[in-house]
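Here are the chains, one letter per residue:
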Amino acid sequence: MTCDICGKKKATVHLTEIVDEQMSEMHLCEECARQKSTQMEQQFGLADLLAGLSDPSKPASSSKDSEKSVLKCARCGLPYEDFRKFGRLGCGECYTSFKEHLTGLLRKIHGSNKYLGKTPVTYQENQKAPLSEAGPVALLPSEDLSDLKQQLQSAISAEDFEKAAMIRDKIRGLEGKEQ
Amino acid sequence: MRIEELLNHTGEWLRGTGPSAHIVMSSRVRLARNLEAWTFPGKSSKKDLEDVLKAFEDAVNRLSPLKGSTLFLMTELDQVDRQLLVERHLMSHEHASNPEGKGLLVTAEEVVSIMINEEDHLRIQVMRSGLNLSEAWNIINAIDDALARELNFAFLPSWGFLTACPTNTGTAMRGSVMMHLPALVMTKQINKVLAAISKLSFASRGFYGEGTQASGNFYQISNQVALGHSELDIIQNINGLIRQVIEQEEQARQALLLQNKPMLEDKVCRSWGLLRTARIISSQEAIELFSMVRLGLDMGILKNVDHKALNELFIMIQPAHLQKIEGKKLNAFERDTKRAAVIRQKLGGKDV
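As they're listed, the protein sequences go chains C and Y. If you use the numbering used here, the first sequence corresponds to residues 13 to 191, in order. If you use the numbering used here, the second sequence corresponds to residues 22 to 373, in order.
Think of the hints as simulated: they come from the structure by calculation, not from any bench. Be careful, since some hints might not be right.
Part of the chain Y face toward chain C, derived, beta carbon under 10 Å [said to hold, decoys possible]:
hint: 1; residue: 140
hint: 2; residue: 171
hint: 3; residue: 179
hint: 4; residue: 186
hint: 5; residue: 222
Here are a few chain C residues that sit away from chain Y, every Cβ distance over 10 Å (derived from the structure) [stated by the list, open to error]:
hint: 6; residue: 18
hint: 7; residue: 20
hint: 8; residue: 44
hint: 9; residue: 47
hint: 10; residue: 48
hint: 11; residue: 100
hint: 12; residue: 107
hint: 13; residue: 112
hint: 14; residue: 130
hint: 15; residue: 174
hint: 16; residue: 180
hint: 17; residue: 181
hint: 18; residue: 183
Predicted model, so just to flag it, every value in this text is computed and none were measured. All C-beta atoms in this analysis are idealised placements derived from N, C-alpha and C, irrespective of residue type, glycine included.
Please put together the full structure from these sequences, using the hints given.
Okay, here's the thing in C-alpha cells:
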C-alpha cells in the first residue's frame, strides 16, 4: 500500500476516523504523517480540539484574548498559550493557575467537572497545606449541598476549622433557601 | 529478572481463560499518578526525572505488594529490548522511543507493570485474562493505596488526580477490553457497532494499542471520561457495554453458521492449514489467520489447538520477539521466514 499523500512511499501509519457514524481511513508514509501532525498542531490548539471547542477551519492563534497569552503557571512557568497549543499541562499547580479556563474545558471533555472518584488514603493527613491554601476558591466549582457536606467533612478531618466554618455557613444559607 | 527470561513464558493474562474468554481476550485497567513534589515529566529536567525514579524505587522497596518485581531502566536497554517490552503490552511506544530518565517496573507474572516518567510520573497497569475488569480494579486499587502511603500524589478534592493531559484528569483511570469480533466484521455490522461505541464516549483501537489500526478482527474498547463518575461506575459502564457487544457477536456467529456453515468451515480449515505449512508469512497475514483459527476453535470447528497457544503467538510473532528468539538482528524478509517457523512449531505443523 502506498501513501495517500505523496503516493510514492510505503504507507506505515494508518488513521481511522469516525465522524457522524462515517468511518474514513487514511494511509500515510512516516514522513507525510509527521508533516501532517505538525501541521495540525500548528493550525489548531490541541487542547481546544480535544474538547471540540475550536472550529478546525480557524487557526487557534487568531484568538484576540490578550489576557490568555500572558497567563503563566505560577510554579512551572508554562504559558497558557503553550497548553492550548500542545494540550499538556506542566505540573499540578497549573490546575490552580489555569483554573478558570480548565473548569469549562474539563466539562467539555468529560461531560462533567465533578470529581466522584477515590481520595488518596493519606491525602488529609499529609496535604493540609494545599487544602487551606485553596481556601474559599475550593468552594466554587459546585454549590451542590451534598458536595458541600463532603467538603465540610474533609475540612473537619483536616482540622481546617476556619474553612469548615465557612462551608457550614454556606450550607446553612443553601438549606435556608430550600425551605 | 533479566530481559531474556521474559522469553521463557508469556504474561499470565494470555492464558485464554476467564469470563467470556471466547470473545474477550483480556482486560486492562490503568491509573495515571503524578508526584506532588515534581513538575510533570514533559516539563522536567534530566535530574528531576532521575529523582522521581529514585523516589519511586525507594517507595517500592518498602512495599510488600510489589516485592519480587523488576525495575528496568530504559537507558540500560538497547532498542530491541525496549521494543520487546512494548510488544508484551508492558509499556507504550512513546516510552521506548525516548529512554532518558524512564523506567519500567514489572511483576513476576507480568500482571502488574508501572511506567515511570512517561507522560505522567506513574502509569500503573494491571492485565487480566478474559472479561475481568473488576478483578483488575481490585488489584490496581490496592497497589495505588500502598503507593499513596509512600508517595504524595498530585490531587485536588474538586478535580481528583492531576495529570499532564486533561483527558485523564479525575479518576485518571482507563479500563479497556480486547475483543475478538470476527462475525461482526464478516456480517458487515462492525462499523455500526463501532459508531455506537464512539457515540457513548468509548474509544476503539487495534490490538497493538494507541494509534494502531484494528487488524485480524481484534478491537480494544475503553472508556474516555474520568470525571462525573466513580471508578467502579466507569467499570460497570464498560462491562455493560461489553456485554452488549458480546451478545451481538454471538448472534452474528450463529447467523454465520445458519447461513453458510460449509463456507465458514472452509475458511477456518484453510487458515489452519496455511499457518501449519507456510514458509514466509507477514504479521498482518498471520494475525488474520489466527483470527479465523480462533473463531473455528470457539465454534467447535477446530479442536486440536487452545487459546493459550494462539494468544502466545500474537506476542511471539512480533519483530523484537523474533529477533530475541533467533539471537540476532533480522531484516524484514528474515523475520517473515522466522515467523513462519515459530508458528509451525507452536501449532504442530510438519516440516515436510
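(request) Say whether it holds or is violated: residue 47 of chain C keeps its Cβ farther than 10 Å from all Cβ of chain Y. (result) holds, 16 Å
(request) Grab the minimum beta-carbon distance between residue 130 of chain C and chain Y and tell me whether it stays above 10 Å. (result) violated, 6 Å
(request) Check the non-interface label on residue 44 of chain C: least C-beta distance to chain Y beyond 10 Å or not. (result) holds, 15 Å
(request) Double-check residue 140 of chain Y for me: the hint is only fine if its C-beta lies closer than 10 Å to a C-beta in chain C. (result) At 7 Å from the nearest chain C Cβ, residue 140 of chain Y passes the 10 Å test, so the hint holds.
(message) Take the shortest C-beta to C-beta distance between residue 171 of chain Y and chain C; is it under 10 Å?
(response) holds, 9 Å
(message) At 10 Å, judged by beta carbons, does residue 20 of chain C keep clear of chain Y as stated?
(response) Fine: 19 Å to the nearest Cβ keeps residue 20 of chain C off the interface.
(request) Taking the shortest Cβ-to-Cβ distance between residue 181 of chain C and chain Y, state whether it exceeds 10 Å. (result) holds, 19 Å
(message) Using Cβ atoms and 10 Å as the threshold, tell me whether residue 174 of chain C really stays out of contact range of chain Y.
(response) holds, 16 Å
(request) Report holds if the minimum CB distance from residue 18 of chain C to chain Y is greater than 10 Å, and violated otherwise. (result) At roughly 19 Å from the nearest Cβ of chain Y, residue 18 of chain C sits farther out than 10 Å, so the non-interface label holds.
(request) Say whether it holds or is violated: residue 100 of chain C keeps its Cβ farther than 10 Å from all Cβ of chain Y. (result) violated, 5 Å
(message) If we take the beta carbon of residue 180 of chain C, is the closest beta carbon in chain Y still more than 10 Å away?
(response) Its Cβ never comes within 10 Å of chain Y, the nearest being 17 Å, so this holds.
(message) The hint names residue 186 of chain Y as touching chain C; please verify it with the least Cβ-Cβ distance against 10 Å.
(response) At 6 Å from the nearest chain C Cβ, residue 186 of chain Y passes the 10 Å test, so the hint holds.
Checked against the numbered hints listed earlier, the structure breaks hints 11, 12, 14; every other hint is satisfied.
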